[in-house]
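Chains as they are written, first to last, in this note's numbering: chain B, 125 to 264; chain E, 125 to 264.
These are calculated hints, taken from the structure and not from any lab test.
One thing to keep in mind: the hints can contain errors.
[Said to hold, decoys possible] Covered by chain E, per the in silico footprint, the following chain B stretches (three or more residues, Cβ under 8 angstroms):
no.: 1; region: 140-148
no.: 2; region: 174-188
no.: 3; region: 205-214
[Said to hold, decoys possible] A few chain B residues that face chain E, going by a derived Cβ cut-off under 10 angstroms, partial list only:
no.: 4; residue: ALA132
no.: 5; residue: GLN192
no.: 6; residue: LEU198
no.: 7; residue: VAL243
no.: 8; residue: HIS246
no.: 9; residue: SER251
Heads up, the beta-carbon is just placed ideally off N, CA and C, and yes, glycines get one too.
There are 2 protein chains.
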Amino acid sequence: MPDTNDAAAKAAVKEANAAFYRAFSAGDAAAMRDLWAQRAPIACLHPMAQALVGREAVLESFGKLLRQAPRFELRCEQPVVSLLGEVAFVTCYEGAGGEPAHLAATNVFVLEDGNWRMVHHHAGPLSSPIMRAPDRSLVN
Amino acid sequence: MPDTNDAAAKAAVKEANAAFYRAFSAGDAAAMRDLWAQRAPIACLHPMAQALVGREAVLESFGKLLRQAPRFELRCEQPVVSLLGEVAFVTCYEGAGGEPAHLAATNVFVLEDGNWRMVHHHAGPLSSPIMRAPDRSLVN
């Protein structure tokens, strides 16, 4: 059984997760490329869309998204980090700008060369938006 | 970097993923309980719904789903297994009975006591259903 309780690792995963939303919100394509795994297999399920598999397909899709105008802040709310040794997954909600969160997301990370890098992003719609709450971030 | 190429491990993950859809389709609550991790942290994002975190919340939700009538076959199509050592994630599409797949899913597994057990299930709607195709299963 992989280690599931390393508090420092969980904090590092939470930071890697936050870095994804910062790169998206800033439209920073270089940061976005760097935060995805270099060698581990990667995939992505954008909201309502078919699966993208492989680094080229995933990064091309984010390149397009980041070039779209107008740019908007993609907020991450209530991240819950689940650690599984050198892999972790995060569940969270996503909201655009000041709007209530309208998406639920799963982000998967792997420890690669000492850095937590993203291997999978899956986001999909919520039946009703989640009003912004005081910080209820959880690390389980 | 965890091992990402072990073909036998990938096949075992694919089988664990298939077992989830068999248990769901059969309404087999005992099999569903057994296929989720016993000790690793678990979570679930049902379509359009808020996050469930922890074994009790997740299994309670599947217990309710499995008792719902009428029962229906939940098919898994085009599973893609991404192996990350003792953790793996699968992307696939889900369809009910003979209908085209209407959901995209991410399933995460961990090797626990020698068995690949589920730690996370996330399913969400597709913008358009995917017609049933000849077997194009991939193991990347």
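Output the indices of the hints that this structure fails to meet, ascending. 1, 4, 5 and 6
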